[in-house]
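**Student:** Here's the letter readout for the chains.
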Amino acid sequence: MPKIVAATGNEGVANALRQVTPDVCAAYPITPQTELMQRFSSFVSNGQVQTELVLVESEHSAMSACVGASAAGGRVATATSSQGLALMWEILYIASGLRLPIVMPVVNRSLSAPLNIHCDHSDAMGARDSGWIQIWSENAQEAYDNTIQAFRIAEHLDIRLPVMICYDGFIIGHSISRIEYLEDGEVQNFVGEFRQVNPLLDIEHPLSYGPLILPDYYMEYRKAQDEVASKVSKIVLDVADEFKKLSGRKYGLFETYRLDDADIGIVILNSAAGTTKDVIDEFRDRGIKAGLLKPRLYRPFPYVEMGEALKYLKAICVLDRSDAFGGSFGQMFLDISTSLYPYDKKPLLINKIYGLGGRDYLPEHAEHVLNELIEITRSGKVKAYKEYIGVRE
Amino acid sequence: MKLKGWKEVTPGAVILEAGNAIEFKTGSWRAFKPVWKKEHCIQCLLCWLYCPDMAIKVKDGRRAEFDYDFCKGCGICALECPGKKGIKAIIMVEEEK
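Chains as they are written, first to last, in our numbering: chain A, 1 to 393; chain B, 394 to 490.
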């Protein structure tokens, strides 16, 4: 029987980690991830989970210890946010390059400077090309469910890649909401026993990790790394199917909301999708065909599936909670544009930057965007391709 | 040797067999070459201990010739060598062109 609780997102994810029981967890505290690791370390101290918790002196060391433990043969997890993820950057590429199935919740927070502890997506977006799988979560339930599924995805023998589970700092991390927990036994059966394919601690079969690969071979390893990404979508869907049988909750590569017959649409990640769905309902009540697409698997980005889902629309706004500085657009806008590029007939696209550093995303922001999309479909003209919303002049 | 294609390389570049560094000769990296002057050697084996590779051969518990296939010419052996009466048993000379 599932257990229904009122818990913070961090508490839910800590509980998911307890239920999975990784062999090793090396972590360093950072707001807003702190509560997650504080709760998990309580589980360890109280004997409620048999995990070797390694308390390190920085995130660079946390990820390095995870790489070592994973190569040694353990099932490994950690968690971070913001500057912590930035400090891990060097080792992120080593974890994915060595094909180590490390699982890491990322509680999304802005990047310094200016220093700010609140939510935006700059941290995980900065790591989007690091070879990690990224799964994004709208609410605490999704963060809990995605954390459990992440182990199965990461450890799948066809890929063996590290996974980040992203959810919004404070908004989801620290807010109490309803979560349905699976039973411990169900989770353990679902994730199963972990066996590292080439464990360093198998002293009968000594092997080497991390050799120098010179120009005669480096590109072959990189091509193999690119190719393995193409296998991820199917595995994410297979794991989601199995998870639905267990939990009754359905997951895909992305979620569509009233999108099938829509003329205008919003593409938005994580918690802001919830607010947007309410506003879309109001517009639908007024007879306006509006819809939403919320990406879940963000890396590898399902370009083809995304393009197929969005190509029928007349106008789309991609809302980014992060910006790619340097005269560019929000990161997700670039990906959605790429998804739609192959089609001769495609929607008009605009990009809004919202919610940086924890700035509230309010229903009127979604209304403003949808009204602009209506105007674009009427006039066929775009006034500005990129604009900050919710910002003072 | 035919180079492998991308479908044939090991995931994560893991080397699955031990002890194959012997197939990869690194002696050509050397700019300076250590030369052993047997007459000044006291057989302390400090060179063998300090060598970061395995370029000092030992036979029957006694120091033998350098293994120039793997000596990169770092010079640590020459630095550490106490020699006999202050005269080093290992000296570094420039590689001949």
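Simulated from the structure, these hints should not be mistaken for laboratory data. For each residue, glycine too, the CB sits at the ideal point set by N, CA and C. Worth double-checking, as some hints may not be accurate.
In silico DSS-like pairs for lysine-lysine, Cα to Cα no more than 27 angstroms straight-line [what the hints assert, rightly or not]:
| hint | chain 1 | residue 1 | chain 2 | residue 2 |
| --- | --- | --- | --- | --- |
| 1 | B | 430 | B | 397 |
| 2 | A | 231 | A | 289 |
| 3 | A | 223 | B | 452 |
| 4 | B | 400 | A | 234 |
| 5 | A | 289 | A | 234 |
| 6 | B | 431 | B | 397 |
| 7 | B | 430 | B | 418 |
| 8 | A | 223 | B | 395 |
| 9 | A | 231 | B | 397 |
| 10 | B | 397 | A | 223 |
| 11 | A | 223 | A | 277 |
| 12 | A | 386 | A | 277 |
| 13 | A | 223 | A | 234 |
| 14 | B | 431 | B | 400 |
| 15 | B | 450 | B | 400 |
| 16 | A | 223 | A | 250 |
| 17 | A | 231 | B | 400 |
| 18 | B | 481 | B | 431 |
Computed far set for chain A versus chain B, every beta-carbon distance over 12 angstroms [what the hints assert, rightly or not]:
| hint | residue |
| --- | --- |
| 19 | 38 |
| 20 | 97 |
| 21 | 98 |
| 22 | 208 |
| 23 | 239 |
| 24 | 252 |
| 25 | 287 |
| 26 | 371 |
**Student:** All the hints need checking, so say for each whether the structure fits it.
**Tutor:** To see whether the hints hold, each was checked on the structure:
At most 27 angstroms may separate the alpha-carbon atoms for a hinted pair to count; residue 430(B) and residue 397(B) exceed this at roughly 44 angstroms. Between residue 231(A) and residue 289(A) the CA atoms are separated by roughly 35 angstroms; this puts the pair beyond 27 angstroms, and the hint is violated. As the CA atoms of residue 223(A) and residue 452(B) are separated by approximately 46 angstroms, the hinted pair breaks the 27 angstroms bound. Taking the CA atoms of residue 400(B) and residue 234(A), the gap is near 20 angstroms; set against the 27 angstroms cutoff, the hint holds.
In summary, the hint linking residue 289(A) to residue 234(A) is not supported, as the alpha carbons are separated by about 31 angstroms, beyond the 27 angstroms threshold. A hinted pair counts as satisfied when its Cα atoms are at most 27 angstroms apart, and residue 431(B) with residue 397(B) does not qualify at roughly 45 angstroms. A threshold of 27 angstroms between alpha carbons decides the hint, and for residue 430(B) with residue 418(B) the separation of about 24 angstroms falls inside it, so the pair holds. A C-alpha spacing of about 18 angstroms is found between residue 223(A) and residue 395(B), which places the hinted pair at or below 27 angstroms, so the restraint holds.
Distance hint between residue 231(A) and residue 397(B) is fulfilled; the C-alpha atoms sit about 22 angstroms from each other, no more than 27 angstroms. Of the pairs offered as hints, the one joining residue 397(B) and residue 223(A) holds, with about 13 angstroms between alpha carbons and a cut-off of 27 angstroms not exceeded. The suggested pairing of residue 223(A) with residue 277(A) is violated, with an alpha-carbon distance near 40 angstroms, which exceeds 27 angstroms. Between residue 386(A) and residue 277(A), the direct Cα distance comes to roughly 22 angstroms. Compliance with the 27 angstroms bound is thereby established for this hinted pair.
Simply put, residue 223(A) and residue 234(A) have alpha-carbon atoms about 20 angstroms apart, close enough for the 27 angstroms limit, and the pair holds. Of the supplied pair hints, the one linking residue 431(B) and residue 400(B) is violated, its CA atoms being roughly 51 angstroms apart against a limit of 27 angstroms. Note on residue 450(B) and residue 400(B): the hinted pairing is violated, with a Cα-Cα distance of about 39 angstroms set against a maximum of 27 angstroms. A hinted pair counts as satisfied when its Cα atoms are at most 27 angstroms apart, and residue 223(A) with residue 250(A) does not qualify at roughly 33 angstroms.
Distance hint between residue 231(A) and residue 400(B) is fulfilled; the C-alpha atoms sit about 14 angstroms from each other, no more than 27 angstroms. Annotation: proposed proximity of residue 481(B) to residue 431(B) holds, straight-line Cα distance about 10 angstroms (limit 27 angstroms). Listed as outside the interface, residue 38(A) is consistent with that label: its C-beta sits roughly 33 angstroms from the nearest C-beta of chain B, beyond the 12 angstroms cut-off. The Cβ of residue 97(A) sits about 7 angstroms from the closest Cβ of chain B, inside the 12 angstroms cut-off, so the non-interface label is violated.
Consistency note on residue 98(A): stated as away from chain B, yet its beta-carbon is not over 12 angstroms from all of that chain's, at 4 angstroms minimum. A beta-carbon of chain B is positioned within 12 angstroms of the beta-carbon of residue 208(A); the least distance is around 4 angstroms. With a cut of 12 angstroms on Cβ distances, residue 239(A) stays outside the contact zone with chain B, its closest approach being about 20 angstroms. With a least beta-carbon separation of about 27 angstroms from chain B, residue 252(A) lies farther than 12 angstroms from that chain, consistent with its non-interface assignment.
Every beta carbon of chain B lies more than 12 angstroms from that of residue 287(A), the smallest distance being close to 54 angstroms; the non-interface claim holds. For residue 371(A), the condition that its CB be more than 12 angstroms from all CB atoms of chain B holds, with the nearest at approximately 50 angstroms.
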